[in-house]
Amino acid sequence: MPQKSLRIAVLHYQPKDEPPDAVVAQVSAALRAAGHEPVDVRVDESVSDLVRLVTRARADLVFNLCETFAEDYRLEVNVAAVLELARLPFTGSGTAGLLLAQDKVLTKQLLQFHGVLTPRFATFDGTSFQTNGDLSFPLVVKPARSDASMGLGVEKDMEGLARRVKKIREEYDDEALAEEFIEGRELYVGVVGDAADPEVLPVVELDFGSRWNRKRMKIANREVKFAPESPGSPHLVLPTDLSDELQGRIGRAAVTAFRALKLRDYARIDFRVSSRTNEPYLLEVNPNPYLETQCEVAMGAKERGMGYDALVQRIVDTAARRHGLGVRPRATAGAPVRDATPAAH
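Sequential numbering of the sequence shown, starting at 1, is according to the numbering used here.
One or more of the hints may lead you astray.
As a list, the in silico EDC-like pairs of lysine to aspartate or glutamate whose alpha-carbon atoms are at most 20 angstroms apart [to be verified]:
#1 K16 / E71
#2 K4 / D309
#3 K218 / D147
#4 K262 / E155
#5 K156 / D173
#6 K218 / E180
#7 K262 / D60
#8 K167 / E183
#9 K4 / E67
#10 K218 / E303
#11 K262 / D197
#12 K262 / D134
#13 K166 / E155
#14 K167 / E155
#15 K218 / D207
#16 K218 / E292
#17 K16 / D60
#18 K167 / E279
No lab work stands behind these hints, which were simulated from the structure alone.
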């Protein structure tokens, strides 16, 4: 059955006088290569413009690339809510999934309920704190609803913790989440598909590089995530030494998180594997991850044999089926959930 061609609005946040992110052109090119008609829809801080521009595009489907709105990452969920209220079909997680995953404290509580291992943690709202057990320093401290590691820091004593909590309260108007630091390897796993048939992509690892100061704790802060890549600097790699058993555990935890948080189409799940116990700890769930050609999800997809164009089409297919837009069914629909083991297994 031939693939149905769709008119697809590529919705993205772009402040005035700023160039569009490279991912917009990349997704548009992938859609065009698949025979679709991409329509660029840029929004900044006007809700009325959001509704007007998306409606005017007369698209069959909206490819939602909005990770923020009006320069406030917490409004990401509101973009999905507007699309839902307007009954406009779109890719990616809906309001429920974005809202659940955006709240890191609620995410951890849900994951613990489902038996997923996460670091022990405590929350501080400025007047009181809640904990799920005794914590040991060092602690990774961040806003409970932050994005892209904003406000994140590592504290080694109570004095530093108090300063960090105060800073988060004042600068981000949010409660602080403190988690035990897990010494070990930082791994990222992409999940594509829907809750009935999720596919876990091969693991991607953050290699902190040969120039990393041994006295510094290995933490994926904003400096690491957004610094220009240079020889010996932190970079993404495809690990070859993870056991099938460990990859399977990571894959099952990723699928559990994907389903528990009501995610759709694609997501990225972040893990730390303890260098002491070899246990995989789930750190964070990103329901709307950056989708650039060299991102973690795209790297994992490529390792699976799914090029960037095919990855974008997979997202479109999943969303289009959900909205009844008449795309062909996946040949593997109904197959057992796959874990993160190598494709040959």
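Exercise for the section: Report the numbers of all earlier hints that the structure fails to satisfy, in ascending order. Expected result: Numbers 4, 5, 7, 8, 9, 10, 12, 16, 17, 18 - these are the hints that the structure violates, sorted from lowest upward.
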